[in-house]
Amino acid sequence: MNEWIEGIVALFLLLGSLFALVGALGLYRLPDFFMRLHGPTKATTLGVGGMVIASMIYFGARDQGLSLHELLITLFLFITAPVSAHMLAKAALQQKLRLHEKTRGRPWEQ
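My numbering numbers the first residue of the sequence shown as 2 and each following residue consecutively.
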């Protein structure tokens, strides 16, 4: 395999790992549900997407063809993560979860 392909794969793996780490830290450090919801849905989605793209490039260069499975995984991930986050946020609003004082907006106190 060419060295420049290995470099691109390494770059996508590092970027994906960095985004996943930022998402995990956000999930750990943020104080309430609504703030924690952004970590996994934004950064971790990009992290897993970067890793799957790296896998697509690696196995595509090795086997002389792109894998449709990995492309479908990425597409499915980018479609389902925002939808599930929206559903979780709507359920939390319905349950009127406690908010941290730094959370902006009080939707049920209107």
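Misleading hints may appear alongside valid ones.
Claimed, not checked - 25 Å max Cα-Cα, derived DSS-like pairs, lysine-lysine:
id	residue 1	residue 2
1	Lys-103	Lys-43
2	Lys-97	Lys-43
3	Lys-43	Lys-91
4	Lys-91	Lys-103
What the hints assert, rightly or not - Cβ-Cβ distance ranges computed for the label pairs, FRET-style:
id	residue 1	residue 2	range
5	Pro-32	Pro-83	44 to 50 Å
6	Phe-77	Ile-9	20 to 26 Å
7	Thr-104	Phe-60	39 to 45 Å
8	Met-2	Leu-98	46 to 52 Å
9	Leu-67	Leu-15	42 to 48 Å
10	Ile-74	Gly-8	19 to 25 Å
11	Tyr-29	Ile-9	46 to 52 Å
12	Tyr-29	Ala-90	42 to 48 Å
13	Gly-8	His-101	41 to 47 Å
14	Leu-94	Leu-15	35 to 41 Å
None of these hints come from the bench; they were simulated from the model. Note that the Cβ used here is the ideal one computed from N, Cα and C, for glycine as well.
Results for each hint:
A C-alpha spacing of about 20 Å is found between Lys-103 and Lys-43, which places the hinted pair at or below 25 Å, so the restraint holds. Proximity of Lys-97 to Lys-43 is assessed by CA-CA distance (about 23 Å); at most 25 Å being required, the pair is judged to hold. Restraint check for Lys-43 and Lys-91: satisfied, since their Cα atoms lie roughly 17 Å apart, inside the 25 Å limit. Straight-line distance between C-alpha atoms of Lys-91 and Lys-103 comes to about 20 Å, which keeps the hinted pair within the 25 Å bound.
For Pro-32 and Pro-83, the Cβ-Cβ distance of about 23 Å falls outside the hinted range of 44 to 50 Å, so the restraint is violated. For Phe-77 and Ile-9, the hinted distance range of 20 to 26 Å is satisfied, since their beta carbons lie about 23 Å from each other. Checked against the hint of 39 to 45 Å, the pair Thr-104 and Phe-60 passes, with Cβ atoms roughly 43 Å apart. For the hinted restraint 46 to 52 Å between Met-2 and Leu-98, the CB-CB distance of approximately 50 Å keeps it satisfied.
Roughly 22 Å separates the CB atoms of Leu-67 and Leu-15, a value that falls outside the hinted 42 to 48 Å. In this structure, Ile-74 and Gly-8 meet the distance hint of 19 to 25 Å, their C-beta atoms being roughly 23 Å apart. Between Tyr-29 and Ile-9 the beta carbons are some 31 Å apart, a value that contradicts the proposed interval 46 to 52 Å. Remark: the range hint 42 to 48 Å for Tyr-29 to Ala-90 is contradicted by a beta-carbon distance near 19 Å.
Between Gly-8 and His-101 the CB atoms are about 42 Å apart, so this pair conforms to the stated range of 41 to 47 Å. A C-beta distance of roughly 37 Å is found between Leu-94 and Leu-15, which places it inside the suggested range of 35 to 41 Å.
Checked against the numbered hints given earlier, this structure breaks hints 5, 9, 11 and 12; the rest are met.
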